[in-house]
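With the hints as extra help, turn the sequences into a complete structure.
Numbering (the working numbering), first residue to last: 195 to 474.
Calculated from the structure, these hints are not laboratory results. Each residue gets a CB set at the ideal place from its N, CA and C atoms; glycine is no exception. A portion of the hints provided could be inaccurate.
[Stated by the list, open to error] EDC-like mimics (lysine to aspartate or glutamate), calculated; alpha carbons at most 20 angstroms apart, straight line: (1) Lys290 to Glu300; (2) Lys290 to Glu252; (3) Lys290 to Glu241; (4) Lys290 to Glu246; (5) Lys391 to Glu440; (6) Lys290 to Glu268; (7) Lys391 to Glu379; (8) Lys391 to Glu378; (9) Lys391 to Asp428.
[Unchecked claim] Simulated restraints on C-beta separations: (10) Arg259 to Leu397: 43 to 49 angstroms; (11) Arg362 to Arg326: 18 to 24 angstroms; (12) Gln354 to Met441: 51 to 57 angstroms; (13) Gln354 to His467: 36 to 42 angstroms; (14) Gln354 to Leu424: 31 to 37 angstroms; (15) Ala400 to Ala319: 24 to 30 angstroms; (16) Arg255 to Trp293: 19 to 25 angstroms; (17) Arg307 to Trp277: 37 to 43 angstroms.
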Amino acid sequence: MPSVPDAASTSQLSLFDAPPAPPAPPPAARAAAPSPGGFLHPRAQREIRLGEHLVGYELRRARRRSIGFVVGAEGLSVSAPRWVGAADIDAALRAKAGWILRKLHEQRERGRRLAAARVDWRDGATIPFLGRELVLRLDPTATGAVLDAESGTLRLGLPQGATREQWRDAVQSWLQRQARRVFEERIAGFAPQLGVKVGRLTLSSAATRWGSASANGSIRLNWRLVHFALPVIDYVVTHELAHLREMNHSAAFWGVVRSVMPDYEQARGALRHEVLPVFD
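Written out as structure tokens, the structure reads:
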């Protein structure tokens with residue numbers, strides 16, 4: 195089942211079993227900031243230059259047999275056996291420098307996108323809806339929320355001086371109604387093609403899943419999918435409908451998905467790179 199990308203998601207790579215080496219204490223953390231092109235973990239204890247980048251990483255000693263790397267939102271963390279020396283750790287880092295730098299760049303870019311995705315609840319703010327930006331407009335004369343598709347605006351019947359919470363709640367309620375409408379339309383189109391029947395559709399707010407399916411024909415879809423373009427929504431819908439025929443991720447399952455969405459891999463890739471707007 196597709197999973198929701200998390201802001202603190204990590205990419206892991208486990209390396210080789212390092213040979214014994216004389217223990218060597220890591221040098222004290224530097225107080226100086228890294229170079230403009232560097233990556234500094236907030237709890238960095240060591241630094242190493244990988245290519246043109248200075249990388250400050252957290253080193254954790256653990257009861258394990260191999261050196262392991264984790265690149266997360268904070269940066270690079272390294273876990274190593276107590277008997278592995280600093281020189282061997284640095285050699286391992288250099289051996290995987292390409293992978294480490296690629297993941298660090300991906301995390302930095304994701305952080306920038308998350309920061310840009312925070313919604314500023316006010317007149318003139320924007321939110322993504324079906325892959326396009328909607329401009330929020332305060333309109334005390336409106337009843338509820340009114341979409342003007344031609345101008346790409348959502349007029350909200352809120353009072354002057356409405357709080358951030360009132361803005362957020364009004365928009366979220368509207369989005370959830372639209373999500374159910376869109377999901378029902380897409381299910382009605384794809385279910386007959388797949389020869390399945392949906393017993394019940396439930397909107398989900400799960401933090402780690404875009405959708406799920408049960409053997410009894412029930413489907414759960416994350417309402418926040420409504421932020422994304424229709425091809426991405428269609429991929430998740432067909433994914434869950436396909437589970438009503440194949441409750442696994444076998445070759446047969448992906449064949450079912452492909453039968454109604456031949457280009458599903460493109461939408462699947464797009465979903466992996468989507469960033470949800472931050473509602474707070």
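A quick look at each hint next to the structure:
1. Lys290 to Glu300: Distance ~16 angstroms between Lys290 and Glu300 Cα, so the pair holds.
2. Lys290 to Glu252: The given pair, whose Cα atoms are some 16 angstroms apart, holds under the 20 angstroms limit.
3. Lys290 to Glu241: 15 angstroms, holds
4. Lys290 to Glu246: 15 angstroms, holds
5. Lys391 to Glu440: Holds, because 14 angstroms separates the two Cα atoms, which is no more than 20 angstroms.
6. Lys290 to Glu268: 19 angstroms, holds
7. Lys391 to Glu379: 14 angstroms, holds
8. Lys391 to Glu378: 12 angstroms, holds
9. Lys391 to Asp428: 16 angstroms, holds
10. Arg259 to Leu397: 43 to 49 angstroms: 46 angstroms, holds
11. Arg362 to Arg326: 18 to 24 angstroms: Holds: the Cβ-Cβ distance is about 20 angstroms, inside 18 to 24 angstroms.
12. Gln354 to Met441: 51 to 57 angstroms: 53 angstroms, holds
13. Gln354 to His467: 36 to 42 angstroms: This hint holds: roughly 39 angstroms between Cβ atoms.
14. Gln354 to Leu424: 31 to 37 angstroms: Given about 36 angstroms between the Cβ atoms, the range holds.
15. Ala400 to Ala319: 24 to 30 angstroms: 25 angstroms, holds
16. Arg255 to Trp293: 19 to 25 angstroms: Cβ of Arg255 to Cβ of Trp293: about 22 angstroms, so the range 19 to 25 angstroms holds.
17. Arg307 to Trp277: 37 to 43 angstroms: Between Arg307 and Trp277, where Cβ atoms are some 41 angstroms apart, the hint holds.
Hint violations for this structure: none, all hints satisfied.
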